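For reference, the chains in residue letters:
There are 2 protein chains.
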Amino acid sequence: MMDKIPSFERLVESFSRLPGIGKKTAQRLAYYVLRSKNNFTEEFREAIKQVKELINECPTCYTYTENEGDCYYCVDVDRRNDMFCVVEDPADIQQLESSGAFKGRYHVLHGAINPLDGVGPDDLRIKQLISRIKSQATDGEEPIKEVILALDANLEGDTTALYLAKALSEFDIQVSRIAHGVPIGGHIDYVDHRTLGKALENRIVL
Amino acid sequence: MMDKIPSFERLVESFSRLPGIGKKTAQRLAYYVLRSKNNFTEEFREAIKQVKELINECPTCYTYTENEGDCYYCVDVDRRNDMFCVVEDPADIQQLESSGAFKGRYHVLHGAINPLDGVGPDDLRIKQLISRIKSQATDGEEPIKEVILALDANLEGDTTALYLAKALSEFDIQVSRIAHGVPIGGHIDYVDHRTLGKALENRIVL
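If you read the sequences in order, they're chains A and B.
Using the numbering used here, read the first sequence as starting at 1 and increasing by one per residue.
Using the numbering used here, read the second sequence as starting at 1 and increasing by one per residue.
These aren't lab readings, by the way, just hints derived from the structure by calculation.
In this text the structure is predicted, and so the values were computed from the model without any measurement.
No residue lacks a Cβ here, since even glycine has one placed at the ideal position from N, Cα and C.
Listed next, the in silico DSBU-like pairs over lysine-lysine satisfying Cα-Cα at most 35 Å (straight line): (1) A:K24 <-> B:K23; (2) B:K127 <-> A:K24; (3) B:K166 <-> A:K37; (4) A:K4 <-> B:K103; (5) B:K23 <-> A:K127; (6) B:K134 <-> A:K37; (7) B:K52 <-> A:K4; (8) A:K134 <-> A:K145; (9) B:K127 <-> A:K23; (10) A:K103 <-> B:K37; (11) B:K24 <-> A:K24; (12) A:K4 <-> B:K198; (13) A:K103 <-> B:K23; (14) A:K52 <-> B:K37; (15) B:K23 <-> A:K52; (16) B:K24 <-> A:K4; (17) A:K4 <-> B:K127; (18) A:K24 <-> B:K52; (19) A:K23 <-> B:K23.
Restraint-style ranges between C-beta atoms, simulated for each label pair: (20) A:D123 <-> B:N56: 42 to 48 Å; (21) A:S98 <-> B:P59: 52 to 58 Å; (22) A:D123 <-> B:G22: 28 to 34 Å; (23) A:K23 <-> B:H180: 22 to 28 Å.
Just chain A, with the same shape it has in the complex (with noise of 0.2 Å):
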């Protein structure tokens, strides 16, 4: 038998739910927030508390932001409405802005379509990206000539691309891809910013 301390399993067990953390791992982060000082510990958790308490969902494009309105991208004067890019996740958006490559709208799906993992259309935000579409064409604002799909290179990306331009193919508005810059199978997210902006100008209308 062997001294098992609650606390510290819990701790371990919480650090191993986060993804790409392992047993080992875990464990040696659980030391060392036992060993930190309490000021590192009680930032830590009202970081976590914070986090969830203060960020929303934009309810136009759906990234994250601390308002409790729009976000700062969809305030925003000075960009055009005329152009959405549609990317995964919102930590897509701050890659595109560092190319400086794009000065439209955003619009968030929050994943792709993976079959395999059980995500299909509706789990994603496709339904709220066409009624705004839709909106903006019949509300006398500036209708929307282009949309741009600043996908993951990989299967879920490719499906998801293919999806929307199924979908967007009823209104006469272009539908484009960034073009394979990103490497074959990387994550956008991990792309230099002139890559990022090459692929935006070589996007491929589909």
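Position chain B against the provided structure of chain A, taking the given hints into account.
Relative to the frame of chain A, chain B by itself:
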């Protein structure tokens, strides 16, 4: 300019402080927390809190324990009192217990001598080890026959072993070190149980 979400950045910052967690990984973990259910984040926050509140150092061997007084190993009447096994960290005890090859008492140094990081003998529980040995020799308790050093097989472990061999030479006790079945340069915490059992069996008298 880009939209920074302050509460998100603070959580990324907290994760980045953990050992072996870089900026990208910290962002991934923060996104996971942001997307996770409230009951997970509450469990996680509570686990961090309780690890700090409930875990003490054993006043005898200095391992971590939730007991108010002596730890599980120090109160166990089925263990030999005349043998000590000295380890760097509490995690090492669990590894040694898994090997099943040691049934004496433990003593945790909480580190190893490392002049480059400014860790000297006074920063470790070495004085406490010596007074433990002394009091056990004079209190009419069973005197200690052997001290086994189960230290990491690296420069810090070697330095600490030499220091302890010298410091304990004034007593009539055998000081030994577990055999180098542990790969050179490796950490005790990562070794399989059979290798560790063999290393205990083949310990070398210093």
